[in-house]
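Q: Could you fit the two chains together into a complex? Lean on the hints.
Spelled out from the first residue to the last, the chains are:
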Amino acid sequence: MLSNDIITSLLIIGLGAVIMMLVAAFTRLSNLILSFTTMGIILIAITFQIPYLGQLFAIEIQPELFNHMLRFDSFASLFNMIFLVGAFLMISTGRAFMQATKFFIPETFSLILFALFSMMVLSMSNELLTAFIALESASVAVYILVGLNRYNIKASEALFKYLLLGSFSGAFFLLGIAFVYAEVGSTHLGDIKTYIALHEQYDLLIIGGILMMITVMFKISAVPFQAWTLDVYDGASLPITAFMAGTFKIAIFSIALRIFLVDYHGLSHIFEPLLVLGAVVTIIGGSLLTLAQQNIKRMLAASSIVHSGYLMIALASSGTDNVSAAPAIIFYLVAYFLSAIGAFGILSYLRQWDTDRTTYDDFKGFAHQNPLLAAMMTVFMLSFAGFPSTIGFLGKFYIFTSAIESGLTWLAVLGVLAAFVSIYYYFKVIAMMYFYPPVKQYNLAFSFTPVVIGIVALAVLWGGIGTGLITYLPGANVIIETAQDSILSLGL
Amino acid sequence: MENILSLLIFLPILSAVFLYLAPLNVKIIRYASFTVTLFTAALSLWMYTHFEASEQMQFVEQYAWIKTYGISYHVGIDGISLIIVMMTNLIMPLLYLSFWHLNRKGYWLNLLIVHGGLTGAALSLDLILFYLFWETMLLPIFFLIGMFGRDNKDFMSMKFTLYTIFGSLLMLISILYLGYSSYEQAQVWSFSISDLQTLHLDQRTTFLLFASFIFAFSIKIPLFPFHTWLPQTYAAAPIGAIVIMSALMAKLGVYAIWRFVFTLFETLSFEFSGFFVSLGLFGMIYFGIAAVKQVELKRLFAYSSASHLSLVVMGIFAFNYYAHLGAFYMIASHALSSAALFMMLGMIYKRTQNLHIQALGGIVHHAPVFSAFFGFFALSIVGIPLTGGFVSELLLIIGAFKYNIIIGFFAATTLLVAILFIFNLMQKVLYGPKRLKEFSELRLYELFSLIPLALLILAMGIFPSYFIDKVKATAQQHTVQEIHHVK
Numbered sequence: 001m002l003s004n005d006i007i008t009s010l011l012i013i014g015l016g017a018v019i020m021m022l023v024a025a026f027t028r029l030s031n032l033i034l035s036f037t038t039m040g041i042i043l044i045a046i047t048f049q050i051p052y053l054g055q056l057f058a059i060e061i062q063p064e065l066f067n068h069m070l071r072f073d074s075f076a077s078l079f080n081m082i083f084l085v086g087a088f089l090m091i092s093t094g095r096a097f098m099q100a101t102k103f104f105i106p107e108t109f110s111l112i113l114f115a116l117f118s119m120m121v122l123s124m125s126n127e128l129l130t131a132f133i134a135l136e137s138a139s140v141a142v143y144i145l146v147g148l149n150r151y152n153i154k155a156s157e158a159l160f161k162y163l164l165l166g167s168f169s170g171a172f173f174l175l176g177i178a179f180v181y182a183e184v185g186s187t188h189l190g191d192i193k194t195y196i197a198l199h200e201q202y203d204l205l206i207i208g209g210i211l212m213m214i215t216v217m218f219k220i221s222a223v224p225f226q227a228w229t230l231d232v233y234d235g236a237s238l239p240i241t242a243f244m245a246g247t248f249k250i251a252i253f254s255i256a257l258r259i260f261l262v263d264y265h266g267l268s269h270i271f272e273p274l275l276v277l278g279a280v281v282t283i284i285g286g287s288l289l290t291l292a293q294q295n296i297k298r299m300l301a302a303s304s305i306v307h308s309g310y311l312m313i314a315l316a317s318s319g320t321d322n323v324s325a326a327p328a329i330i331f332y333l334v335a336y337f338l339s340a341i342g343a344f345g346i347l348s349y350l351r352q353w354d355t356d357r358t359t360y361d362d363f364k365g366f367a368h369q370n371p372l373l374a375a376m377m378t379v380f381m382l383s384f385a386g387f388p389s390t391i392g393f394l395g396k397f398y399i400f401t402s403a404i405e406s407g408l409t410w411l412a413v414l415g416v417l418a419a420f421v422s423i424y425y426y427f428k429v430i431a432m433m434y435f436y437p438p439v440k441q442y443n444l445a446f447s448f449t450p451v452v453i454g455i456v457a458l459a460v461l462w463g464g465i466g467t468g469l470i471t472y473l474p475g476a477n478v479i480i481e482t483a484q485d486s487i488l489s490l491g492l
Numbered sequence: 493m494e495n496i497l498s499l500l501i502f503l504p505i506l507s508a509v510f511l512y513l514a515p516l517n518v519k520i521i522r523y524a525s526f527t528v529t530l531f532t533a534a535l536s537l538w539m540y541t542h543f544e545a546s547e548q549m550q551f552v553e554q555y556a557w558i559k560t561y562g563i564s565y566h567v568g569i570d571g572i573s574l575i576i577v578m579m580t581n582l583i584m585p586l587l588y589l590s591f592w593h594l595n596r597k598g599y600w601l602n603l604l605i606v607h608g609g610l611t612g613a614a615l616s617l618d619l620i621l622f623y624l625f626w627e628t629m630l631l632p633i634f635f636l637i638g639m640f641g642r643d644n645k646d647f648m649s650m651k652f653t654l655y656t657i658f659g660s661l662l663m664l665i666s667i668l669y670l671g672y673s674s675y676e677q678a679q680v681w682s683f684s685i686s687d688l689q690t691l692h693l694d695q696r697t698t699f700l701l702f703a704s705f706i707f708a709f710s711i712k713i714p715l716f717p718f719h720t721w722l723p724q725t726y727a728a729a730p731i732g733a734i735v736i737m738s739a740l741m742a743k744l745g746v747y748a749i750w751r752f753v754f755t756l757f758e759t760l761s762f763e764f765s766g767f768f769v770s771l772g773l774f775g776m777i778y779f780g781i782a783a784v785k786q787v788e789l790k791r792l793f794a795y796s797s798a799s800h801l802s803l804v805v806m807g808i809f810a811f812n813y814y815a816h817l818g819a820f821y822m823i824a825s826h827a828l829s830s831a832a833l834f835m836m837l838g839m840i841y842k843r844t845q846n847l848h849i850q851a852l853g854g855i856v857h858h859a860p861v862f863s864a865f866f867g868f869f870a871l872s873i874v875g876i877p878l879t880g881g882f883v884s885e886l887l888l889i890i891g892a893f894k895y896n897i898i899i900g901f902f903a904a905t906t907l908l909v910a911i912l913f914i915f916n917l918m919q920k921v922l923y924g925p926k927r928l929k930e931f932s933e934l935r936l937y938e939l940f941s942l943i944p945l946a947l948l949i950l951a952m953g954i955f956p957s958y959f960i961d962k963v964k965a966t967a968q969q970h971t972v973q974e975i976h977h978v979k
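Protein chains in written order, with the numbering used here: chain A, 1 to 492; chain B, 493 to 979.
If we strip away everything but chain B, and leave its shape as in the complex, we get (with noise of 0.2 Å):
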């Protein structure tokens, strides 16, 4: 199993080029990409056994690509990429069978090659490789959204391409200039990061430089003020594209943080943390304020998931070891739950074929088991005690007050806004007044899609620390004592 990372990530882009080319029945199509999600699922639970807790780089493959600017296919796993590769190829086959009705090919195909562009930029060491996945899953989405969106998706789906490109295509001018700096001082291009992070430039490249890194990351995540295409593009996109940027592409944007910025600017970064806790800070209750105010629940959760994503970016800028491992903790927590509440508002849009809160209400009086798993689902981004979710705030709070005790004070205390929204969503949809005349209790596909996602989150309320063992090691690079140690 040496190339069980490229397995991973080609497996799905593979298949669904045969897929786009083969002739066949949309069932089959159905079938073979649910088959091959299921079987990376299975190939990535058999890497996570045998990946070793330690900060090493695991199962690492390196070839020459384009020798002449050292350029080459580069991949490796470490804690804090385990975890979005688990997340994603765990998510995807559960997405697949949440829209089991759905008879589009295209949107089976699409999912599979996100799967593959998001899986390879989790694992990609080499920049230019990375900005070669990080762009090519943008395509799948802008597809995703103009073909099976809804409202103004013509125009959305170019709004959120456009948004994302503009930093990215930044970052490839400072990717472009690492490069030719390492020419430059030892006389070879590369565009590892391991080689990279040796450079010594002056202090103004590397401030333009870890700018252009940032903001293009802080677009994906979004980090606020960036944050200005995510309700509508929320709103106008279909179920599985979001489940996709909400779950998995965002977290690659804090992914992207750590991998990069950290490793590439890791001063930097460090003399810019208190501006970034505070962003993240500020982001988690804006996001927070803007969430209780909406009244249709894809806009909702667009900014609840926002808003814990701030939150996570406040984690991994402070630089301590409870709240990387909060931070860690979080993205995994809330991937899932956030999967799941996406995928459940499919199937209420399935079945209703309308989002807004107010012609919503008395789903409990319908399908009770539907109410129960929306419910938990629902806690468990709130993080209320036996879900994974109150396992990250604790450790970010911890995390928080070792950075901070006012910083660590605001968190402790406005960490419940979540409650507002989540409480008065809760109440409004599932309880209420009767407003639904019918609404179908859960299909059997439907149930088996949430269920895993419902086990582990408990799983991960429960037992913590059998997850905590894989990421420990890693949360400990870039921490204060690490800097100063290195120093």
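Isolated chain A (complex conformation) (with noise of 0.2 Å):
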């Protein structure tokens, strides 16, 4: 019954990415229509992936006629719905931006539907070469975002950092392939997690692990892969920043999850001290970096390589026989992604005619003048920096409780004294808003924008407290709930 219309929502969205295309080929269309028809097309996809969401099941999309290489199951579903409501809210907050500025043609919606497709295709792919074209297509789609800004010399200087160092550490999961290929035979994650089992030697596939760690490590911009980080973020208009830190960096997640947690399950034991490592550069690193900004669009990207320096702790933890680091790495995604997109929506909310306001001296004095999105802004930085009663703080509960349980519990002091530092540059933010006289004059344009800021706001803070007491409202108990049951689907 469920494998007839399981895949409505990624056709609908890629009907749509080649509708709107052809949509914007023939016709001049304000690009107020057609970023609501994209979020009409989204909210349709949303509403056929809803009955999926809390379920635990695993199914293969056409078996026959796609050789196995698709898998649709509660992890899919629950990152498919991410991606959608990722990108749902991405242009709902950018609304006010796109406005303001020229540049978002309309092939835009077009890319953001394609790289939509994209990533739902890659946390569906249950084989390694499906997972690269996922990947690369994603990837281009997200180039193109990146430089859509055309008349701005660092938007284009992004788009070709990003686009050189992306494709080169795409080639690297390529040739990981390539060696997983050589010593099993076959690309599909079924086939390489039975292989392990049977094999004593395996080096190959070690090696081709790897190769695709880094690809991986590059994209979730992990030190010492971070580089370009910052330039793109910032060089990035605002929706799309906020559409790389919320939506696409949780597109990687999926997949990385996907191969460590199923085919290369195995071999955890060997790539853990990797994954340690990495993790301990990464958030020393990114902490490092993050305190030298002077500005919160850059802060904010070089703090997202410190919470995907937090996932590596989940990840490294997430070996044998521990069962919670994985649906924590889930839950931390959803946590930053709530908080990111709120954060970036407010920033680019804020932009006024042709210039970003996103300097630590732009904010002096906001709360003065908006109250209620300053108050938003500090939901959201306290949810970055942990602080209880947001669902920041949960996530990082759920973090560190993994690597306790797998025994690196140095590990989980280091992202403590990490989220210690980030105190200080997200609490600055707050600080700027509230403790200083206005500096500058802010014409908000109507829109719903703050709207929707508010509702991410609201959700916030409710996954932080949310009780089950109210029966009709899922508490903060269901969203781990959800994540743990897509975990296990994977295994189904």
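Simulated from the structure, these hints should not be mistaken for laboratory data. A portion of the hints provided could be inaccurate.
[Claimed, not checked] EDC-like mimics (lysine to aspartate or glutamate), calculated; alpha carbons at most 20 Å apart, straight line: (1) A:K364 to B:E930; (2) A:K428 to A:D361; (3) B:K559 to A:E183; (4) A:K154 to A:D231; (5) B:K962 to B:E544; (6) B:K559 to A:E481; (7) A:K428 to B:D643; (8) A:K193 to A:E183; (9) B:K920 to B:E933; (10) A:K364 to B:D643; (11) A:K428 to B:D646; (12) B:K842 to B:E763; (13) B:K926 to B:E763.
[What the hints assert, rightly or not] Computed list of chain A residues with no C-beta within reach of chain B, every gap over 12 Å: (14) G14; (15) V18; (16) N149; (17) E200; (18) W228; (19) H265; (20) L289; (21) R298.
Computed from a predicted structure; not experimentally measured. Built from N, CA and C at the ideal position, the CB exists for glycine as well.
A: Laid out in structure tokens, this is it:
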């Protein structure tokens, strides 16, 4: 019964992308209409996705037709949901920005949908080549989105930096697949898993795994592959930065989790030291980099590296016998995604005329002019910092407990110290907003952006304190349970 | 009234959120928040009368929160949390009253949030829930200092926040470790202190966990040598925040040692009691001498209150009934006295814009009623007879003697270090040369904010048994006898 309509939302997004491209080619519609159409398409896709949420299942999509390459399970459905909601929120919070700027050409929306389509395929792919193609096509769409602002030298620089380094690192993934194929003779995740279980020697497989890991590390901007992050996040226009930080990064984690939890699970003892080392340098390097930033947009970009570091702690802990690390990653991704979308949404809403307003000085006295938006920004900053009563706290709670569970208590302590440092740079934003007299005047255009951001802020709070007492609202418990189900579905 | 504790916690917080969002006039917000605090004060009085004098947790509420990890919303009240909750709820409305002239929305609302946070932290019986309130109440203080403070307020609000959060975060790791140990040993995640009490941990781990808890709480109290944030923060902070920090938050640190450290690591705490008793005694003298040298009133009382809190810590670590009772009694009486004194400092600052001892002098000639109250509260800090401070110091000295005769001797003789700076202060500020040209008498609302505190301090000094009865049973916990009995 499920298999018939299982990819409906995928098809809707794919068809939507093509249609939007044709529409953009033959008509000249305003980007108001186009963005609302895109949001409509995404909403329809979301409604088709909702029934799968919270269910435990795993189905191969048309196994004969696609040769077992696509697998739709609770894991993929949860990630698809995050991507769809992420894209929806990105467009809706970016409305004011798109209105104020000229470079959001009609093709943008088609590109967003293409990226979305590829990410959805990525989270479903059960085979390495499919994953690579999905990853690259999503990346290509994102490369173009980064360079959208042709009139800005920073954006063009960001585009080329990201394009060159990104495709270079993508090649590692391909090479890794070649090694895996040389050893196993197949690129299906299931086959690799059985091969590991049956054999003693698998050197090529390990090399292949490490090569693939390099690509993943690059895409999630782990140190020492982080060099592109600041300039690219900074050069991209704000809604696109939100899309990259909030959604694209999660897509990378979806495939990383699938590869390392399913086929490489038997080898986790080999990868653990590497991941531990990666987590340590990422956390320390990221924190230092973030402390040096003078601009909120760059600060958020740099701090996303630290958040990758936290996630790597959990990735390192997700070895044998630890059942709580992988759900912790998913929960943390949800928490980070909500906060990032909200924070970048506010930044993009504040853009005035033709300049971003993202320096610390721009935020001085913001609370006196716009108390509600300032309160929302405060909520997002607290959530980033892992302050209790926000979803970010529970995210860190799950990650650190999973590290302790795996005996990596010292790594949890390092994470806590990084969280301590992060208090400084996140609270600095709050201090700027509340403790200084206003410097700049904001004439904010009327749009429904603040309403959407407000809803996200409420979600961030509810995710941190939500009780199960109110029966018709899912509490804080539900997200972690869904995450656990989705990890379970990988093994089905 | 089953949910009275939740009401006490969430009514202030929710009203703060509501008042923040509602587009109301500042005056209406002031009236509304004052009414809320009056209401919670009435509720807490009702609770006080219905509180049975036993060591049992009462008015307990427990709901599952995050089932997967065994975290629950678990609150309850016993003797020592009763003291903290009562003090919070009684001082809050008076604090509002003493600042009746202020027209600052942020001030009122942040106080409401910290009110709820303090109550929540004092009532939580689940470590994660406690941590949530413990951290959350920091945020309003951060805002209060940064928005309404003076001098280098931006730096100090950040320093204070980072300083205290550093301690709490290390505690967080210990909390997580305890929860995991419960999972390891009993196959169930749990963060409830009654479950975690029965864990078996090796010596090194226990010590590390113990140390991180103590570290977090010592910063808040503050104990020597973690007091370096104290003088500057007090100097920069607005009076409202100082009253909260000195009269309530610092006491919460002592409470947390009792509730969490003593419950979870009773044997280890007992083994280290000698160290902490000495540290408390040393802190009392050290901060007392530091207070003597201060020329600014806020800093002076900052050290003075640190000195008394060190004494309280000495009391709870003496592990005997009298010392415990004395510590409890001092928590209450010092909360009242220091709240009153800091409120009066606010009044002085409002009139003179200056809190340097040199600039003040001869207040008694302008405002005799003001001086009478100020003198009374200052003397109640020293512990003159008929005040609550006297009873608590008496009990503490008896407790110290029971613990060890040398400690008792030192405690009894050095307790009077407070006299040095209090008398000096009264002489220079109240009497002294008539430096101030004018100093207006207490306004009516200021008078009304001080009278209840004065009456309560007197009542505590004259009818101590009425108050002691409620906490007697709790004070008998964690005593040497009890520990040996269990063994």
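Q: Hints first: check each against the structure and report whether it holds.
A: The hints, checked one at a time:
no. : hint             : result
1   : A:K364 to B:E930 : violated (39 Å)
2   : A:K428 to A:D361 : holds (11 Å)
3   : B:K559 to A:E183 : violated (44 Å)
4   : A:K154 to A:D231 : holds (8 Å)
5   : B:K962 to B:E544 : holds (7 Å)
6   : B:K559 to A:E481 : holds (9 Å)
7   : A:K428 to B:D643 : holds (18 Å)
8   : A:K193 to A:E183 : holds (12 Å)
9   : B:K920 to B:E933 : holds (18 Å)
10  : A:K364 to B:D643 : holds (18 Å)
11  : A:K428 to B:D646 : holds (9 Å)
12  : B:K842 to B:E763 : violated (49 Å)
13  : B:K926 to B:E763 : violated (54 Å)
14  : G14              : holds (36 Å)
15  : V18              : holds (42 Å)
16  : N149             : holds (35 Å)
17  : E200             : holds (32 Å)
18  : W228             : holds (31 Å)
19  : H265             : holds (22 Å)
20  : L289             : holds (19 Å)
21  : R298             : holds (20 Å)
The earlier numbered hints that this structure contradicts are 1, 3, 12 and 13.
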